[in-house]
Amino acid sequence: MKKKVFLDKKAIDRTLTRITHEILEKNKGCEDLCLIGIRTRGVFLAKRIQEKIKKIEKKELPLGILDITMYRDDLFKIKLPVVKKTDISFDINNKIVLLIDDVMHTGRTIRAAIDALMDLGRPKKIQLAVLVDRGNRELPIHPDFAGIFYAIGAGEEILVKLKENDGKDEVIIVGTQ
Amino acid sequence: MNWTKKDLLEIKDLTKDEILLILETAESFKEISLREIKKVPTLRGKTVITLFYEPSTRTRTSFEIAAKRLSADTINISASTSSFVKGETLKDTGKNLESMKPDVIIIRHSMPGAPHILARTLKSSIINAGDGAHEHPTQALLDLFTIKEKKGKIDGLKIVIIGDIMHSRVARSNIFALKQFDTEIVCCGPATMIPPYIEKLGIAVEYNINRAVKDADVVMMLRIQKERGRISYIPSIREYAILYGLKKAHLEKAKKDVIVMHPGPMNRGVEISDEVADGEYSVILDQVENGVAVRMAILYLLTGREQ
Amino acid sequence: MKILIKKGRVIDPKNNIDEILDVYINGNIIEKIGKNIKEKGVEDFVIDATDHIVAPGFIDVHVHLREPGYEYKETIKTGTMAAAKGGFTSVVCMANTEPVNDNRSITEFIIKKAKLEGSCRVFPCGAITKGLKGEELSEIGDMFDAGIVAISDDGKSVKHSGVLRKALEYSKIFGIPVISHCEDTDLSHGFINEGVASVLSGLDTVPSIAEEIIVQRDIMIAKYVNANIHLTHISTAGSVDIIAREKRNYKYITCDTCPHYFSLTEDATLKFDTNTKVNPPLRSKKDIEAIKEGLKNGIIDIIATDHAPHDLPSKDMEFNLAASGISGLETALALSLTLFHEGVLTLGELVKKFTVNPARLLKLPYGDLSEGNAADVIVFNPYIEWIVDKNTFLSKGKNTPFDGWKLKGKNLLTIVDGKIVYRDGLI
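Residue numbers (my numbering), protein chains in the order written: chain R, 36 to 212; chain Y, 4 to 310; chain E, 85 to 511.
Heads up, some of the hints might be wrong.
[As the list claims (entries may be wrong)] Dumping the calculated PhoX-like pairs for lysine-lysine here, alpha-carbon to alpha-carbon at most 25 Å: (1) R:Lys112 with Y:Lys42; (2) R:Lys159 with Y:Lys203; (3) R:Lys114 with Y:Lys33.
Simulated from the structure, these hints should not be mistaken for laboratory data.
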């Protein structure tokens, strides 16, 4: 099995810094903005973005955790996942909600996340930031902010590892090609 | 840890890991009931039948709310008022219901082992919502959930169960569940209502309520009924209230942060005084609230079990 | 018909025989027992019983044949077929039929039906009281004249001590025993033993004292009026104690137990399998040990089956509502042989509890292999292993908690009155 480091620790940090700037640029600051990370790695990325915004804007944005298990469309077709807590302690009505996840693929996770958010209130806007967009969409959903785009080939897999969860920061491509 | 059981019939059946999985899952479901839109699509397209051979509004409603908050369709059949089951054996009723393709059947029955008959016969998941004096597993699970929530742990606690232990499915299920943890369990009540041989399960028996509640972390009260069949187990409700009714003074002997539980419906002024039922130690309404979350978790795990 | 059974190990406790012998049956009579009986060439069957046991046909003092009234549960025909398969050549059928066997006409019906359709001898047991109600004595004398060998209100105790006293006194006129089902219904209001299992399952209970109090009461009354008392399906350690004590100073006490009381504990009820529901209920491990000890030291004289066949719907329901009883005729021998394999009983002692002792209790001229006796003979092998399959039962009652059990010991041949009524291989 071949393994290639696509982004290392520094590159991930640079990418997140760039995304943060794009978020602030597009929203003309961070008024009404709140961050919601999708379990598991989206939460850690959201925290890092929260930190970066704090440095730039001197403001700590509200941060929530979303578990999308209850909204999955494949729930009874796969091994039953353990439902974890959703923890969003702030009101999302009329807010700009920035959803954050590590990898975007089919779009089904984001569909579930949007549905989950809609049950929690009516945000003014929902935006999406991902570290890696690996293509192969099955639903018409696209990220507003993407760190990198990599259309993976057959037999390839892209893995995001984060220090908080996996002990080190790296994005790697494994596969036969 | 994955859930593999088709049915939830008795706590005796469950491993400690399974109990913990239910409690952990329930924690995630609890938040839904606090939302403005109290509904998630998780069990969309699933059908849940409640089949109650004994009147019970509380448990049935809790199950129904749990199912509905998960978007399942619910049908309630009350056997005492419905002609659906008239003159029919339980097994035939079960088979008839199964023809309508339910995913879960929740049964309450006055006789021990009745849910087991359905479980053996049907492909649907069966949840025991109380079978005679045998078990009431979801009650015990919501009680454990409440204890864990309030105490932060279950291990190391002294739990006192007071009342008609002999005829109580709530007591039995709680005993079996608590025994999976490192707990001290004391049963207290009139000697006529303590099942002989219970000491063999490692349960202490104490007839005196003052001694029983000493240093207790949790006091669980049971609902009292004077008549059981043709035999009277106690001389009068009045005397029971004097000897075993929980009053505030009793709790002074318990731990400072003691909690008082009751599965409901309460006989105020009989097994529990107003000042205790409504007092600072009471977690009775938390039990009801947690009941929905625990039942959501159970419905989720049973319908999504590995097959 | 002439049958020669060769080279079997003949066990005939009454005649103190336990050796390899041949048995010659001529017509309905045991003509000769001896070494190397020569074939005469006119035998209908010559059976090689090498490695097998040849014994007197077993006598079961406690079965329910259900006819008349409950023919969907069992008939005299199917019940006696099951008996023959199990090695029984005589059975005593209890009175709780519909109508109850509390009068001559029912007794005569049973005897007549058994002669026509039965595969073994059937001896009716008459009801002590009319309709088993525990109030008025039945016409015991008239039934005795018609053929009853004992009286019993089996299924319940005679609750009224005065009525039981009258029954015990009255039975002396005819020299028949009163068979007592021991249960104080003021103490028993349930379905399983009171013990750890009932703590676990929440099922209502039949405490051991419910049996023991009546055992003691019935013995005291019998002793007082000097009558024969037989205590049936004894299940508790306390009962064995009381009987042991009382037997020391009163000789007209006998008792039996059933294979399920030394084969299964109350734990078998924990999955709510209604086939484990039986009255008296399955007891604790301690009780099982006491029952085995009682069998070993002779306190318990007889092993009976309490064969209680039921149709499936009567069992296929809630434990509380299901009928009590075990279809026991076809597993009794093998379950009892476990006592031999465990070293509790010798084969001779075991055979005695199925033959001589019940014959003595009921004053029947059977249960031994004396020359000139009616030829009620069985051939069994204590070592053959088989798996219980309720679907192969000849009884209509498939209600057994032993389905799927691997047992050791099998009846191979049953001869009643010189006629082969059951055989499994051998010929």
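Hint consistency between lysine 112 of chain R and lysine 42 of chain Y [alpha-carbon to alpha-carbon, up to 25 Å]: Judged against 25 Å, a Cα distance of about 21 Å means the pair holds.
Lysine 159 of chain R paired with lysine 203 of chain Y [C-alpha distance capped at 25 Å]: Violated - the C-alpha atoms of lysine 203 of chain Y and lysine 159 of chain R are around 63 Å apart, more than 25 Å.
Restraint check for lysine 114 of chain R with lysine 33 of chain Y, where alpha carbons must lie at most 25 Å apart: holds (22 Å)
Hint compliance for this structure: hint 2 alone is broken.
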